[in-house]
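Trainee: Here the protein sequences come in this chain order: A and B. Heads up: the first sequence begins at 1 in the working numbering, then just goes up one per residue. Heads up: the second sequence begins at 1 in the working numbering, then just goes up one per residue.
One should not assume that every hint holds.
Below, a list of computed lysine-lysine pairs in the BS3-like style, where the Cα atoms sit at most 27 Å apart [unchecked claim]:
id	chain 1	residue 1	chain 2	residue 2
1	B	Lys347	B	Lys369
2	B	Lys335	B	Lys576
3	A	Lys394	B	Lys576
4	B	Lys377	A	Lys15
5	B	Lys48	A	Lys15
6	A	Lys394	B	Lys377
7	B	Lys38	A	Lys23
8	B	Lys129	B	Lys377
9	B	Lys22	B	Lys48
10	B	Lys180	A	Lys15
11	A	Lys53	B	Lys48
12	B	Lys335	A	Lys394
13	A	Lys31	B	Lys48
Per the computed footprint, the stretches of chain A lying under chain B, defined by three or more beta-carbons under 8 Å from a beta-carbon of chain B, are [stated by the list, open to error]:
id	segment
14	18–32
15	233–245
Counterexamples of contact, computed for chain B against chain A with all Cβ distances above 12 Å [stated by the list, open to error]:
id	residue
16	Asn187
17	Lys351
18	Asn504
19	Arg613
Hints were generated in silico from the structure; no laboratory data involved. Glycine included, C-beta positions come from ideal geometry on N, C-alpha and C.
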Amino acid sequence: MSEFEIKPGLTGASKQLNFENSKGVVRSAIKRGRPTLYTSYETSMQMVNTNTKKVWLGLLILFALSLPFTSSGGWLHAFTLLTIYAIAGIGLNLLMGYAGQISLGHAFFMGLGAYTAAVVAGDPARNALGFGLDLAIALPLAAIIPGIVGLIVAPLATRVRGLYLAVLTLGLLFIGEQVFKTWSGLSGGAGNGRYSAQRILFGIDLNANTYAVGPFIFTPEVVYYLICLTLLIALAILAKNIARSKVGRAFAAVRDRDIAAEVMGVNLYKTKTLAFALSSAYAGIAGALLSILIGTITPEQWNLFMSIDILAIVVIGGVATISGSIIGAAFVVLLPVILRELTQFIPWLSVSSGGLINVFQLQTILFGTLIVVFVTIESRGLFGLWIRIRNYFKAWPFSY
Amino acid sequence: MLTTTASLDQISIRKGSEPFKKPATEYFSRVLIENAQKYPNHTALRFKQFGLWQDITWGAYLESARKVAAGLYVLGIRQGDKVAIQSENRPEWLFADCGSAILRAAIVGLYPTNPIAEIRYLLQDSEAKVLIAEDQEQVDKALAVFDDCPNLEWIVYLDARGLHNYDHPKLISIDELIEKADGGYQNYLAIFDEIDQERTEEDIATLIYTSGTTGPPKGVMLTAKNISFAGHVFSVEGGVFGYGLGPNDSMLSYLPLFHVVERALSVWGNLLVRTVVHFAESIETVTQDLAEVQPSRLFAVPRIWEKIQATVAIKIASASRLKKFFYNIGQRLGKTIAAERIANDGKFNFKAKVLYAIGYPIIFRPLRKRLGLLHVKHSLSGAAPIAPDTLRFFLGLGLPLYEAYGMTENSAVATTNFADAMKIGTVGQTQLWSEIKLDENNGEVLTRNDGTFVGYWKKPEATKETITADGWLRTGDVGEWVGDDHLRIVDRIKDIIITAGGKNISPSEIENKLKSSPFIKEAVIIGDKRPYLTALIGIEFDTVADWASREHIEYTTYRDLASKPEVINLIKGLVKETNKEFARVEAIRKFRMLTKELDHEDGELTATQKLKRKAFEATVPGLVDDMYAGTSAYPGADLGREG
Chain A
1 MSEFEIKPGL
11 TGASKQLNFE
21 NSKGVVRSAI
31 KRGRPTLYTS
41 YETSMQMVNT
51 NTKKVWLGLL
61 ILFALSLPFT
71 SSGGWLHAFT
81 LLTIYAIAGI
91 GLNLLMGYAG
101 QISLGHAFFM
111 GLGAYTAAVV
121 AGDPARNALG
131 FGLDLAIALP
141 LAAIIPGIVG
151 LIVAPLATRV
161 RGLYLAVLTL
171 GLLFIGEQVF
181 KTWSGLSGGA
191 GNGRYSAQRI
201 LFGIDLNANT
211 YAVGPFIFTP
221 EVVYYLICLT
231 LLIALAILAK
241 NIARSKVGRA
251 FAAVRDRDIA
261 AEVMGVNLYK
271 TKTLAFALSS
281 AYAGIAGALL
291 SILIGTITPE
301 QWNLFMSIDI
311 LAIVVIGGVA
321 TISGSIIGAA
331 FVVLLPVILR
341 ELTQFIPWLS
351 VSSGGLINVF
361 QLQTILFGTL
371 IVVFVTIESR
381 GLFGLWIRIR
391 NYFKAWPFSY
Chain B
1 MLTTTASLDQ
11 ISIRKGSEPF
21 KKPATEYFSR
31 VLIENAQKYP
41 NHTALRFKQF
51 GLWQDITWGA
61 YLESARKVAA
71 GLYVLGIRQG
81 DKVAIQSENR
91 PEWLFADCGS
101 AILRAAIVGL
111 YPTNPIAEIR
121 YLLQDSEAKV
131 LIAEDQEQVD
141 KALAVFDDCP
151 NLEWIVYLDA
161 RGLHNYDHPK
171 LISIDELIEK
181 ADGGYQNYLA
191 IFDEIDQERT
201 EEDIATLIYT
211 SGTTGPPKGV
221 MLTAKNISFA
231 GHVFSVEGGV
241 FGYGLGPNDS
251 MLSYLPLFHV
261 VERALSVWGN
271 LLVRTVVHFA
281 ESIETVTQDL
291 AEVQPSRLFA
301 VPRIWEKIQA
311 TVAIKIASAS
321 RLKKFFYNIG
331 QRLGKTIAAE
341 RIANDGKFNF
351 KAKVLYAIGY
361 PIIFRPLRKR
371 LGLLHVKHSL
381 SGAAPIAPDT
391 LRFFLGLGLP
401 LYEAYGMTEN
411 SAVATTNFAD
421 AMKIGTVGQT
431 QLWSEIKLDE
441 NNGEVLTRND
451 GTFVGYWKKP
461 EATKETITAD
471 GWLRTGDVGE
481 WVGDDHLRIV
491 DRIKDIIITA
501 GGKNISPSEI
511 ENKLKSSPFI
521 KEAVIIGDKR
531 PYLTALIGIE
541 FDTVADWASR
551 EHIEYTTYRD
561 LASKPEVINL
571 IKGLVKETNK
581 EFARVEAIRK
591 FRMLTKELDH
601 EDGELTATQK
611 LKRKAFEATV
621 PGLVDDMYAG
631 TSAYPGADLG
641 REG
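Sequences are here, hints too, so could you generate the full structure?
Mentor: Written out as structure tokens, the structure is:
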């Protein structure tokens, strides 16, 4: 007898004539074309609940898989960066979007993940600490160590909220940066930096070979992109499931009104702590992947700007949506690349400091404007715009 | 498909076709056993529980019916006894029905909104021994009349909520009923078999009380033969739906089950051809249930069709401009499509097909999907005349909607419009294995088929007036032939108005024209032995309220809204428009607003929402006198001689 089984006595329903969970054979003609008729909670709870969605999702994944074979080096780098930022964005979205705890310290946890991976899988012969282990050990640890640090920090964070929490996490960021700078054994010291983890996964050196399978050429960059993409898909599904589980509902309850959530029996302390730990773990993996992509790590890299980049992903993409985080990451990562391409066509836009305005400035202005626009007009971000469009046509020809 | 035999018969009997031999009487209790043996795991019924549609298989259906039968047997129900049930549509209704059928007892359906006085009358008149009451509300009513009903021995309730501290020696739950059978229903199978051996087709299978628009309801006795015939006509190839129904058909059960058509579809037809019947959660959720179930065949009364049309009007009024724009395109296309179809016996000609194809992706498909009519292959309107405008609206949406005609007394089998032979304004052609003729004197419609009832329960006089010596049923409706073999119903004989000037006027035509407006829910034409026609009009609260809020008219209650000068003006315009379509003697000169919604409990409507015309007129003498005395004390308008 499951926990949620409703006892017939309470509902007044007959025990003798009880057909709960009874299933019969029906012709396919009865099933077809009736997407909102549910005969089990499993189907009504399915993540991808309609055939149309299944088809589109499949096409999207196929498209993502085909990208490395159709794009040049610069673009492939951008796409890899996109998947990594998306992982970081999903992590922050769990904390900020779902649990409603603002955090500016996300870059610190990314840094922590990067250093963990670098220490565990770094080349022992180089300038800083390194044990030369496999990525199969380093990547999980890059999630676990920041997760544990998140657990340690969480008790402080659970005591405050709103602006104070933002300041607290900002402080965390600065402390972290200071530690990274001064602990030169770990980081190579301020201004120097260190090499990142070696690309050895399951004993295979990913940098060594280029594979060819049929018409597809798997260069090391392509392989790395595919690894990041796989991780993104896995972590996105995990996050989506967390979000719609009991834990996710508790997050949302805390976000909407923490006192009400507590009255309903949600353990505030536990919930907030879990949100911090989970978010930090996601950040750790993203940080590790990012450092491996770049190859070197400097302590200054994990600063406020990176935190704000991730924040922009969440806000522009859509607060409390997993797909939104991916859309946001695409926007934040690809916009600069596109702008740089545009400099060829727009005379007053330049790559360097000459001209009226340069790419970096324009990008900053655009992000700032968009964050303001989305926060004030559509808090669900780009994804929210999509939802609006979809609902407009879903209700067609009515309005509700 | 249909043949006219007018030339063969001097009194011009129109005969329905006989594409194949009329099936012999099938006993539904045996059919249930057969289905359960052949398809034990196939779904027969579905009902919604906690958001999910739960399946009831044929095996479970039979088992449940037997459980109920065993319990009823222990309570003393024997051949010829009556079991009453007062409940909304739910699977237990069917278990009680089939359970009684196993015992050769007859089921009597009471309507959940029946007030206590009617319950008392129905229980006394039917002499039911056991009453199955749905919930606390119905149990309360039953207990109030228990002592007045000498035949009533037991009350069985289905839903135990709120009943745990009721202490009445004759009140038991459905579980207690089932547990009364010693050692389970299995011990009674031999007895059931024995009872089954003696079954005849003259067994009274059910008592269906007529709505009683003119007097107290009369119990129509339908035999096993009658309901088997009706079940076949409602489900076989060439029957009411034109095509045969089967396991590929999804049905929604939402009209009251004591309505003969709902029984024919949800019980009899379902048993014969194994459709999948979905029980609507409640009458309030029908729209949502329709959208979920998307039935493949649908029967609805005009009131439901009007309601759907009104819902569309309200929702479009608040939709965005773009959506309105596309809807208006769809409306224009729809008008032409409907006109083309009407001109072509209901068929799509090339032009209609092209227009439909244009409108399909932008409006028809999404609209029909939202309304739950996307998969409807054939739908019917019956039980009351439908306004032609409403019919046109749905024909324009591409819906195969046809008007049919029948009554409880002939097991709902008389005429229907077939898919390729529709004539708007008529109720269609004679159905399978049936005959229709008109009385030479007064034009009354007479029908004859195997569905003709055997008599009114305990009312031999009334029976004699209704069934002629050679088996014709007097329907009480005046009809006329249109074309070769399409029947048009003029009105109920009793309703026809003869004005002081001696003109015969059929009020229902005018009323229906008025009611086809989304703003008018009730329209009652008055004028019998009066110098001119007048009307009492009740507004459709939802649509008028919506209209009022868009026009910035403030109102509080139904009464207040109905009395607003702006609303009266709106209605005045509609009445004038209606008057244009009728002759001058048929024009409405004055009307008054009804300031309350008509209701079953207040005695104005029957259980099936039909107007009790005479009784109703007596309840509002002030309004009627106001119109003929030349005063204007009540809200309404006088339109003058020209109308």
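Trainee: Hints first: check each against the structure and report whether it holds.
Mentor: Results for each hint:
1. Lys347(B) <-> Lys369(B): Holds, because 22 Å separates the two Cα atoms, which is no more than 27 Å.
2. Lys335(B) <-> Lys576(B): 22 Å, holds
3. Lys394(A) <-> Lys576(B): 39 Å, violated
4. Lys377(B) <-> Lys15(A): 38 Å, violated
5. Lys48(B) <-> Lys15(A): Roughly 17 Å between the alpha carbons, so the hint for lysine 48(B) and lysine 15(A) holds.
6. Lys394(A) <-> Lys377(B): 24 Å, holds
7. Lys38(B) <-> Lys23(A): Within the cut-off at roughly 17 Å; holds.
8. Lys129(B) <-> Lys377(B): The hint is violated at about 42 Å.
9. Lys22(B) <-> Lys48(B): 37 Å, violated
10. Lys180(B) <-> Lys15(A): 14 Å, holds
11. Lys53(A) <-> Lys48(B): Satisfied, since the Cα-Cα distance of roughly 26 Å is no more than 27 Å.
12. Lys335(B) <-> Lys394(A): 25 Å, holds
13. Lys31(A) <-> Lys48(B): 16 Å, holds
14. 18–32: It holds: at least three residues are needed, and the segment 18–32 of chain A offers 11 whose Cβ sits within less than 8 Å of chain B.
15. 233–245: Since three or more residues must qualify, the claim that chain B covers the segment 233–245 of chain A is violated, with 0 doing so at under 8 Å.
16. Asn187: 15 Å, holds
17. Lys351: The claim stands: lysine 351(B) keeps its Cβ more than 12 Å from every Cβ of chain A (closest is about 23 Å).
18. Asn504: 44 Å, holds
19. Arg613: The assertion about arginine 613(B) holds, with a minimum of 37 Å to chain A.
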